[in-house]
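Visitor: Chains as they are written, first to last, in full-length UniProt numbering: chain A, 1 to 347; chain B, 1 to 237.
A couple of the hints might just be wrong.
[To be verified] Distance condition first, Cα-Cα at most 30 Å in a straight line; then the derived BS3-like pairs of lysine-lysine:
1. B/K51 x A/K248
2. A/K114 x B/K51
3. A/K34 x A/K62
4. B/K51 x A/K235
5. A/K40 x A/K52
6. A/K52 x A/K62
7. A/K52 x B/K165
8. A/K17 x A/K114
9. A/K171 x B/K51
10. A/K114 x B/K176
11. B/K52 x A/K114
[To be verified] Quick partial rundown of chain A residues pointing at chain B, CB under 10 Å, derived from the structure:
12. D35
13. D36
14. L76
15. R80
16. S82
17. F83
18. D85
19. S126
20. H127
21. D175
22. Y176
23. Y189
24. R203
25. W205
To be clear, the hints were calculated from the coordinates, so they are not data collected in a lab. Each residue gets a CB set at the ideal place from its N, CA and C atoms; glycine is no exception.
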Amino acid sequence: MSSDEVLKAVFPLLDVKDLARCMEVCKQWRDIAKDDYFWKCLCARRWPSICKRPNPTLTYYKLYQTFYKRQKRRKLLPPRLSFDDLEFFIDIWTDDRLIFSEVVPGPALLTGIKAPPPGICYMLRSHLEGPLYRMTLPIQPRFTIPFAQSASVSVLARRKDSNRVACVMNKPPFDYVDRSSCRALAFDYLDFSPLYPFISDTRAWVSLFFLDDGSEGVMDVFGIELDFCDAANSKEEVLWLLDMLDWKYMVVFAPRKAYDNENWCSWTSTYFSGFPELRDKHACSPGKYGGGRSIRVAALWVPNSGQFLLQESESFMPSFSDFLYKFRSTEGTLDGLRRIISIYRMG
Amino acid sequence: MAFANCPATSLSSGRTGSDRVGSMRSKVGEVHVIVGPMFAGKTTALLRRIKKESSNGRNVAIIKSSKDTRYAIDSIVTHDGAKFPCWALPDLSLFRQTFGDEAYQRIDVIGIDEAQFFEDLYDFCCEAADRDGKTVIVAGLDGDYLRRSFGSVLDIIPVADTVMKLTARCELCSKKAFFTLRKTQETETELIGGSEVYMPVCRQHYVNGQSVVRASATLSGSFKVKDDTFPEPALAV
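With the rest of the complex left out, here is chain A (with noise of 0.2 Å):
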């Protein structure tokens, strides 16, 4: 009887961890042992159903070694998103009276507070100082806010790669403020695509870091923090949360000074409250699901002279070119667009 004869009749009745052993004694038993004969056996103790099918996809062996134990929790893939392709719209308010209103593009949060003004106490201090991911942002300038007074906050998020919008905060009030830290903090639920049913009640928090020297009554703000610590507590992480919210194309409404600018400005709280209509559309390209007559609308209102400005997009449809030609024809009104709009859903 030949050794490869005497290995093959012993192989059969080893379990996983003597087989395995004898891979790693020489190129000779490694080859004999690799036999997908001998792992069919061990496969059939251990989940004899799968055995029933006649060709599996995998080899047994390789079967065997990839299910035998609990994997190990896996690296998150490179997120689909970066900080490169997103900007904030953050706004503020005291009472009814908005206080700060910024566009913040993706890495100046990234950026952080590099020089905290003096004066900062010291947990806020080891707080900015220490090793954690944090998105924060530098006031400039200062504002203040009365400690009597109940401030919100209003936090988009748009996509410069699909620009598409998403909400991550809708107005929640400062309703708990830190004294003896410096900070004022809200939260709200995030929205999430129906794409993931079964993500729920995750919070993203800013913190508002101020100065107080105890006297005054007020806040001095000197930054921003947006955080998600629920779920994210990294950079990847954080950026698969915001893959992950309901993003919409929509009518945004924006003060004059976008209209002026020609470019996308801070935003009114009165975002979408006209267009009940276009609230929850996406859009689909013609041919492309079923070829649907949603509209992707990206415009600009323009309060004061009730115009509308649109930035060019390809998924109007039937043509953007048609879609303006009958826009400009209805002399832009808010009317106008809703009458366009009533067309191409009947349609």
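Place chain B on chain A using the hints.
Guide: Coordinates of chain B only, in the frame set by chain A:
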């Protein structure tokens, strides 16, 4: 299945067995529990769920304790300014008689805020969900400032369909806060207060609590903005 095969007369006149099973199934209630330290947003989470149920066409009612009168006691206000009327009661057993039998029958969902103050919480939840087929959503503190069970909130976990533990933000390091720490040196057993007396902390800073208390005593206290947006319960221990 045996139920469905019974003759109709043995169940109720004019109904088949399977009809009856269907109607019983629709009457089965639910209990959902939301817990966490102070300032974790339990009331907000409760109101989100209540709002969702309300927008689905279900009749809702909210109860909160009348023991803590620091905030408006006849309503709870959500993040976005929507006001929900609520019943301020010392005991849950009074709800049915205060509300009236007929009105109680019409209610589908009952929200309970500041649940740690209700001693009859367990009995009420069992009765409302098991017998009356109500959905009960309970929000309250799970532990006091010494991390001991507070009130009856933990007693209803065995009868709950879901349990959600929310976190606040640690006042000292901004990480997730699971516990509530008393800032002051008072030793009396019952000390009612908000964030001038208590603060949310992470495990590390809870364990180092005494040094934290000393440090925070030298600083000006935090405070919860005094509106009735989030009526936080006091920690009565």
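Visitor: Are the hints correct? Go through all of them and say.
Guide: Consistency of the hints with the structure:
1. B/K51 x A/K248: holds, 23 Å
2. A/K114 x B/K51: Roughly 42 Å separates the two Cα atoms, so the pair is violated.
3. A/K34 x A/K62: holds, 10 Å
4. B/K51 x A/K235: Violated, at roughly 33 Å.
5. A/K40 x A/K52: Measuring from Cα to Cα gives roughly 11 Å; hence the hint holds.
6. A/K52 x A/K62: Holds, at roughly 17 Å.
7. A/K52 x B/K165: Not OK: A/K52 and B/K165 at ~45 Å, beyond 30 Å, violated.
8. A/K17 x A/K114: violated, 55 Å
9. A/K171 x B/K51: Distance of about 17 Å is within 30 Å: holds.
10. A/K114 x B/K176: The given pair, whose Cα atoms are some 25 Å apart, holds under the 30 Å limit.
11. B/K52 x A/K114: Violated. B/K52 to A/K114 sits at ~43 Å, over the 30 Å cutoff.
12. D35: The hint is violated - A/D35 has no Cβ within 10 Å of chain B, the shortest such distance being about 50 Å.
13. D36: For A/D36, the interface hint is violated, since the closest Cβ of chain B sits about 46 Å away, which is over 10 Å.
14. L76: Constraint on A/L76 not satisfied, violated at 20 Å.
15. R80: violated, 27 Å
16. S82: violated, 25 Å
17. F83: Since chain B brings no Cβ nearer than about 21 Å to A/F83, farther than 10 Å, the hint is violated.
18. D85: violated, 27 Å
19. S126: Holds, about 8 Å.
20. H127: With a closest approach of 5 Å, the A/H127 hint holds.
21. D175: holds, 5 Å
22. Y176: Cβ of A/Y176 sits 5 Å from chain B, so the hint holds.
23. Y189: It holds, given that the least Cβ distance between A/Y189 and chain B is near 7 Å, below 10 Å.
24. R203: holds, 7 Å
25. W205: holds, 7 Å
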